[in-house]
Every structure is written in C-alpha cells, then in structure tokens.
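Student: So the chains spell out like this:
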Amino acid sequence: MQAYVPGIYPRSEALVQSTRDLDRGRTTPEANDEQVERDLHELISVQQAAEVDLLADGMLRWQDLFRPLVEASAGLEPGPMTRFLDTNTFWFAPRQTGGAPKLEPVGERYIASLPGSRLVTLPSPWAFALSTELTPKEIAEGVLKPQIDALDAELVVLSEPFLAREERPDLGTLAEALEVLTGGPELAIQFTFGDAKNVLEAGAGDLPVQAVGIDFYSTHASDIPDGFGRKLLAGVIDARSSALEDPEEIAGFVAQLPVDDIALVPNGDLQFVPEQIARQKIQRLGAAKTAQAKEAVA
Amino acid sequence: MTEIRFETREIGSLAKPVWRVKSFAGRPLEDGDIAEAGRWGEKLGVDGHEDLVELLGKGNFGDGELAAIDDWSSLYGLRFLEESGLDVVYDGEQRRTEMYDHVSRHAKGFEQRGTVRSFNNKYYSKAAVVDQPSIDGPYDVDEYSFIAERTDKRVKIPFTGPYTMVDWSYDEHYHRTGALGATAEQRADARRRFLLDVAEHVIRPNAAAVVEAGCDWIQIDEPALTTRSDEVKFGVEAFNKSVEGIPSQRRSLHVCFSDYSLLYPHVLELDDCFELQLEFAQRDSRETGTSREERPGYEPLDHFKEHGGPDVGLGVLDIHSDFIETPELVRDRVIYAAELLGPERVHVNPDCGLRTRSWDVAFEKLRNMVEGTRLAEEALNRAHAGAR
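Going down the list, the protein sequences come from chains A and B. For the first sequence, the working numbering gives the first residue as 1, with consecutive numbering after it. For the second sequence, the working numbering gives the first residue as 299, with consecutive numbering after it.
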C-alpha cells in the first residue's frame, strides 16, 4: 500500500494574497516567487510527515492543468475561458494555431526538483486534445513525450478529467497516445472527478500504463472488475469536499477492493479545497495508509 | 396594436466606488479618491454630495461614519442607475460583499472555510454547510427600504438563488457520512435536501420580508443553475420553493454564461415566473444587423420560440468587456429578438451585473442601452404603422 498526492495543490492564504498583490502592482515578482518557495517547502514537509511514498510539487505555478505546456508549445495557445467540469472554476482550453505542436520542455519553474523520489502530474493526451483539432497521439508526440523525456521522475500521473464522463469513451485513441509515452518513467492515467464505470467497462485496465486512478466518490467499488490488471490509484480523499475523511473508514473501504497493488490518492486536484484543509487531508491520507497496513497485519 | 415599449433595467451589481472600498478596508483615501466622490456626485445630481466629500476628507472613520458612507454608496448606486435612464432601478448591491458571501454570512448553518482559486490569480471565499441552514431574520429589508424611500422608479431586488448557494458550498452536513462509495442516488438525495432547505429556510423568508416591505419584483439569481445538467430540475423546484406564497407582483430568474438548452423543458415548470434574464451579448457579433447570421449570439432564443415559457430579459451588454456597445448595435439586438419572439416577450438588460467595469464604462454602456432600446421601439413602431 502506498500513498501519493498528484495534481494541483491549493495556494496558502499568504500566496493568495501575494498573487493578488502582484496583479495590483503592490508586490514584486521576486517577492511572489519567494512566497511560492515557502509554500513548496511547506507542502514537502506535510507530505514527508504523512509518509507519502513519492513526493509531488503541487504544481503551484500552474494556472491550470494545461497552461504552462500550452504556452511553451509552438502551434498552441490558450483559448476561451471554460468552466472546469461542474465546478465554479475555469480553465483556458488549448487552441491550435498552426501545424503540429512542438513543445520546448518546461523547466524547474513549473516542475520543481524535490528532496526525494517524486511523481510529476501532466495532462492526459485525450484531455489535452479535446479542445483542439489535434488527435491525442499528436499531442503525445508533440507535447507530452518531449516533456516526459526531459523529466527525472519515478511516476508520471496523466490527469484525465473528461474521458470518464463520455457515454461511450473511446479508449482506442487514448491507448494509441499512451503507447507513444511508454519507455520512460512509469505511467499512470488518473480519471479524476467522475464515475469511471464506463471507462472500466471499456477496458481501462488494459491501457498501456502501469497504474489507473479511479475516483471512489463517484465510482462504486463493485465497478472494479475482478482481475484488474494494473496498480490502482484509489481516489479515497475527496478533493472537492471540505469534510475530513476518517482514516479507518478509508482503510475499511480499501480492504474490500479486489486489487492488491494500491496507492491511496485524492480523487483529483486538492486545489478545490482551501490549503489549510488540503494539508489535513494529506495527513489523513497518510494515516489511512498506516491504518490499512495495521488492518492487513491483523 | 398598442405602441411597442421595452422595459429597461439592470441585473444586479455595480463596482463599488474606491472611496467606499478604502474606507471599509481602513486604508487611507487619496485626494483623487475624494475627487471622484465629488465628480460623480455632481454628474449624477446627488443632493448633498458635498457632505460626503467633507466626510471623506476627515478620515479616521468610526462605526457612525462608516454607516454614513454605506448609505452614500447606496444612494450613489441608485442615482447612477436612475441617471442611466433605466425604467427599473436598484443600488447595484453596494451594501453586499459578493453574491455568495452575502448570503452565507447572514445565514446560520454555514461556516467559512477559506479561499479557493477560480482561475489565474482570481479567488473566491467558500463556506461549508454544517447544519440545516436558516436565518434569524430577514437581512435585505433595510437595503430595500432605503432605496424605495429615495426613488420614484420601480425597484427590483436580487436574491442569490438556492441552487447557486448549494453548488458553491461544501457539504459537511447532508452528505457527511458514508460519502466514500455512496451511490449516485444517495448523493443526489443529499443535494436536493440541502437545496430545498436553503430555499425554504433562507431565501424565502428573506424575500418574503422584502416584499412585505413593499417590493413588488424579486429576482432570483442562479448563475450555477445549469452546472449539472441532471440537477436543473432540482433548481427549478427550489425556485418554486423560494417564492412559494410570496405575493410579489413579479418574480424572475437570472441565469448567465450557461448552456441554455439545458433549461428546457424544466423552466416550463417555474411557478409564475415573469421572465428569464439571460446573457447573450458576450457570444454575439459586434457588427450591426438584424439577420440571423448577423446575430449569432442570440441563437439560444430559438429554444424560447420553440418551447414558449417565460418572457426574456435580453442581455445586450457584454459585462466582461470595456467595449461600448453603440445604440445602433443594441437596437439591432433588440429588433432581432422582438421579431423572433414577438415584442411583448422581450425586455432589455445587460448580460449580468456590471461590477467588473469602471463606473465610467458602465454608465456609458447603460446610457447606450437605453438609447438603443428607444431606437428599436421607434423602428418597430414605424414598421408596424407602415404595415397598417
């Protein structure tokens, strides 16, 4: 049993104020950068205290799941402001401006180096391609593959917020794109914030990745098929709720899943709760891992 | 045939004057801030505005001075909308912090949880429901009474709707236990119970008291209504619960930045809803013209033509842009809608509240909206007279 915290982490109240001040010309970019570093340092401490197995940087400078990669890619630009799923938050849907996209990999400003083994979260090629005229494979080849090749990470979690909501999800085009990304770090595809029943029935367990992430606040445990052939990133912390989870309840829930190889994760980006709540959720994630280990021994 | 006349009105919020913002934040006022109070006081013909200028010049505001500034701000908002030429007025939510926060801080059962990012470096405060929501007493009556005593025009008061309150809140009460692995039916049931409680125990008693005080038009604001397509029916049910038994002459529903196709057929079940006030202008071309091709942003009106239902409060001003719509552009948007739906089903307003625009921009937009509406009336009346 492992535990990770992929995705975008919320900004502290201090960083919220700093970025507001930055927009209003009341502080400098350098001072704001220093606050980002303080937030990152704090996030690392919280993860270490919770004994997560791979550290994550919380993507503190990412304005949304796609923006830094879009801005670093020839042939792409941020498009119209679009509501993100059924939340009161918004993202700028990528838009194609030319031919095949070509990424100049983003550096440490957006993917921070960490004091230990790490995971990196990137958008799923299917989600990335959704608002463009490009195929997921073209996104994988032109944008995600160059970025993954430039990374030093144990695991790359590809965040997929949209595909699970399709009535008839096309896993074929996703699989084709994921094939392009193999050969480097281990890959996970995480179906965030949605009922994964349809993608599971369509064969998500056969995708060319090492791990598949499922939101168990939207997906029933019985929808995980017997013989599920991948590591399961079990979304057992609700990143859209301020209520704090009971580690014992999580441990009991996980024990009934028909999978042996499991990592506990939030069901999506923790940025949908305030930072002081997110850090408590990470603590409980770690406590749930410990509780599950005890239950397994007992 | 009677002469065509379109009613003009705002939707809700205006920006707050910098002298108000700084005074309440405890920040020092600069000379330019005070000069703004004088300039707008003169421009709007606010009686006694020199007293405000003198008050602002003193600084170090205690509770009494802040209450006076609160009143002045409301009066300026009211005069702003009157001088724009609108038929129906309000004070631009000058006394309210923000549409969600205003309710969650007045209602019992909510606790503030902190800040969440909306996009880029924009954030909003979010509360959690921790107990059945209720109110100790109405909280918008004083706002209404102050306005009503100072205008001869019709007043419309907006109320943040129950669906938006629920959708923008965390739930630590209705779906607190057993959330992990719960069925879709259990989640939906929890949302519906939360929704109906907000409608019945928060929105309705407050709106009823405002109507009791004399207001004859209540507007329920539901920007989140189509966020989850399978819950629009719950939102309609909650609207009906919110206005149930309230003897207002008019009740209306404002929705914006949404897929309006999701509203049907559910909005046909709204109880005695006079109109839906909707945003269209931000989707539309900025060129003049009254053909279907020239008014692409108004394509959703087809749903209203096909299904019938409430009248349309036609959004003709893009509230996210400093672009000043010309009277001719407004005219053509109104004519297009009137010819499609019939003029009796069309009324005119901005897409949404103008709080993100400066007063200079908002004033010019509203003046042009009224002038453009008059041009539309002239054109349509002329055409109908010629047809007789």
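Mixed in with the good hints there might be a few duds.
[Unchecked claim] Here are some, though not all, of the chain B residues that point toward chain A, as calculated from beta-carbon distances under 10 Å:
#1 Ala313
#2 Gly412
#3 Thr413
#4 Val414
#5 Phe417
#6 Tyr421
#7 Ala486
#8 Asp487
#9 Arg491
#10 Pro521
#11 Ser527
#12 Ser556
#13 Ser559
#14 His618
#15 Phe621
[To be verified] Simulated pairs of lysine to any residue, SDA-like, Cα-Cα distance not exceeding 20 Å:
#16 B:Lys420 x A:Thr132
#17 A:Lys197 x B:Asp528
#18 A:Lys197 x B:Ala482
#19 B:Lys420 x A:Arg20
#20 B:Lys420 x A:Asp39
#21 B:Lys420 x A:Asp21
#22 B:Lys420 x A:Arg61
#23 A:Lys294 x A:Glu51
#24 B:Lys420 x A:Thr290
#25 B:Lys420 x A:Phe90
#26 B:Lys420 x A:Glu51
#27 A:Lys197 x B:Glu483
#28 B:Lys531 x A:Thr87
#29 B:Lys320 x A:Gly25
#30 B:Lys420 x A:Glu13
#31 B:Lys420 x A:Thr28
#32 B:Lys603 x A:Asn32
#33 B:Lys420 x A:Lys294
#34 B:Lys320 x A:Arg24
#35 A:Lys197 x B:Glu626
#36 B:Lys420 x A:Lys197
#37 B:Lys420 x A:Asp23
#38 B:Lys420 x A:Pro29
#39 B:Lys406 x B:Val428
#40 B:Lys320 x A:Arg20
Everything labelled a hint here was simulated from the structure, so no lab data went into it. Cβ coordinates follow ideal geometry from the N, Cα and C atoms, glycine included.
Student: Next step is simple, just say for each hint if it's right about the structure.
Tutor: Results for each hint:
Of the supplied interface hints, the one on Ala313 (chain B) is violated, with its beta-carbon coming no nearer than about 15 Å to a beta-carbon of chain A, more than 10 Å. Hint status for Gly412 (chain B): holds, given a least beta-carbon distance of 3 Å to chain A, under 10 Å. The closest approach between the C-beta of Thr413 (chain B) and any C-beta of chain A is roughly 5 Å, which is under the 10 Å cut-off, so the hint is satisfied. A distance limit of 10 Å between C-beta atoms decides the matter here; for Val414 (chain B) the minimum to chain A is near 6 Å, and the interface restraint holds.
Annotation: Phe417 (chain B) was flagged as interfacial toward chain A, and the flag holds, the nearest CB pair being 4 Å apart, inside 10 Å. With 10 Å as the threshold, the beta carbon of Tyr421 (chain B) comes within range of chain A, its nearest partner Cβ sitting at about 6 Å, so the hint holds. Against a cut-off of 10 Å between C-beta atoms, the interface hint on Ala486 (chain B) is violated, since the closest Cβ of chain A lies about 12 Å away. Given hint, Asp487 (chain B) at the interface with chain A, is violated; its Cβ is 15 Å from that chain's nearest Cβ, farther than 10 Å.
Given the 10 Å rule on beta carbons, the hint for Arg491 (chain B) is violated: about 16 Å separates it from the nearest Cβ of chain A. Hint on Pro521 (chain B) holds. Least Cβ distance to chain A is approximately 9 Å, under the 10 Å limit. Among the interface hints, the one on Ser527 (chain B) holds; its C-beta lies about 9 Å from the nearest C-beta in chain A, closer than the 10 Å criterion. Using the Cβ-Cβ criterion of 10 Å, the hint placing Ser556 (chain B) at the interface with chain A is satisfied: the shortest such distance is roughly 9 Å.
With a least beta-carbon distance of about 15 Å to chain A, the hint placing Ser559 (chain B) at the interface is violated under the 10 Å criterion. Given hint, His618 (chain B) at the interface with chain A, holds; its Cβ is 9 Å from that chain's nearest Cβ, closer than 10 Å. A cut of 10 Å between beta carbons decides the hint on Phe621 (chain B): the least distance to chain A is about 16 Å, and the hint is violated. A hinted pair counts as satisfied when its Cα atoms are at most 20 Å apart, and Lys420 (chain B) with Thr132 (chain A) does not qualify at roughly 25 Å.
Of the pairs offered as hints, the one joining Lys197 (chain A) and Asp528 (chain B) holds, with about 18 Å between alpha carbons and a cut-off of 20 Å not exceeded. A hinted pair counts as satisfied when its Cα atoms are at most 20 Å apart, and Lys197 (chain A) with Ala482 (chain B) qualifies at roughly 12 Å. Simply put, Lys420 (chain B) and Arg20 (chain A) have alpha-carbon atoms about 8 Å apart, close enough for the 20 Å limit, and the pair holds. Of the supplied pair hints, the one linking Lys420 (chain B) and Asp39 (chain A) holds, its CA atoms being roughly 18 Å apart against a limit of 20 Å.
With a C-alpha separation of about 11 Å, the suggested pairing of Lys420 (chain B) with Asp21 (chain A) holds against the 20 Å cut-off. Simply put, Lys420 (chain B) and Arg61 (chain A) have alpha-carbon atoms about 14 Å apart, close enough for the 20 Å limit, and the pair holds. A hinted pair counts as satisfied when its Cα atoms are at most 20 Å apart, and Lys294 (chain A) with Glu51 (chain A) qualifies at roughly 15 Å. In summary, the hint linking Lys420 (chain B) to Thr290 (chain A) is not supported, as the alpha carbons are separated by about 37 Å, beyond the 20 Å threshold.
Proximity of Lys420 (chain B) to Phe90 (chain A) is assessed by CA-CA distance (about 10 Å); at most 20 Å being required, the pair is judged to hold. Of the supplied pair hints, the one linking Lys420 (chain B) and Glu51 (chain A) is violated, its CA atoms being roughly 32 Å apart against a limit of 20 Å. The hinted pair formed by Lys197 (chain A) and Glu483 (chain B) meets the criterion: a straight-line CA distance of about 15 Å does not exceed 20 Å. A hinted pair counts as satisfied when its Cα atoms are at most 20 Å apart, and Lys531 (chain B) with Thr87 (chain A) qualifies at roughly 18 Å.
With a CA separation close to 16 Å, the supplied pair Lys320 (chain B) and Gly25 (chain A) stays within the 20 Å bound. A C-alpha spacing of about 13 Å is found between Lys420 (chain B) and Glu13 (chain A), which places the hinted pair at or below 20 Å, so the restraint holds. Taking the CA atoms of Lys420 (chain B) and Thr28 (chain A), the gap is about 18 Å. The hint holds against a cut of 20 Å. With a C-alpha separation of about 52 Å, the suggested pair Lys603 (chain B) and Asn32 (chain A) falls outside the 20 Å cut-off, and the hint is violated.
The straight-line distance between the Cα atoms of Lys420 (chain B) and Lys294 (chain A) is roughly 43 Å, outside the 20 Å bound, and the hint therefore fails. Note on Lys320 (chain B) and Arg24 (chain A): the hinted pairing holds, with a Cα-Cα distance of about 14 Å set against a maximum of 20 Å. Restraint check: the Cα-Cα separation between Lys197 (chain A) and Glu626 (chain B) comes to about 52 Å, which exceeds 20 Å; the hinted pair is violated. Note on Lys420 (chain B) and Lys197 (chain A): the hinted pairing is violated, with a Cα-Cα distance of about 34 Å set against a maximum of 20 Å.
With a CA separation close to 10 Å, the supplied pair Lys420 (chain B) and Asp23 (chain A) stays within the 20 Å bound. Taking the CA atoms of Lys420 (chain B) and Pro29 (chain A), the gap is near 17 Å; set against the 20 Å cutoff, the hint holds. Distance hint between Lys406 (chain B) and Val428 (chain B) is fulfilled; the C-alpha atoms sit about 9 Å from each other, no more than 20 Å. Between Lys320 (chain B) and Arg20 (chain A) the CA atoms are separated by roughly 16 Å; this keeps the pair inside 20 Å, and the hint holds.
When held up to the earlier numbered hints, the structure conflicts with 1, 7, 8, 9, 13, 15, 16, 24, 26, 32, 33, 35 and 36 and fits the remainder.
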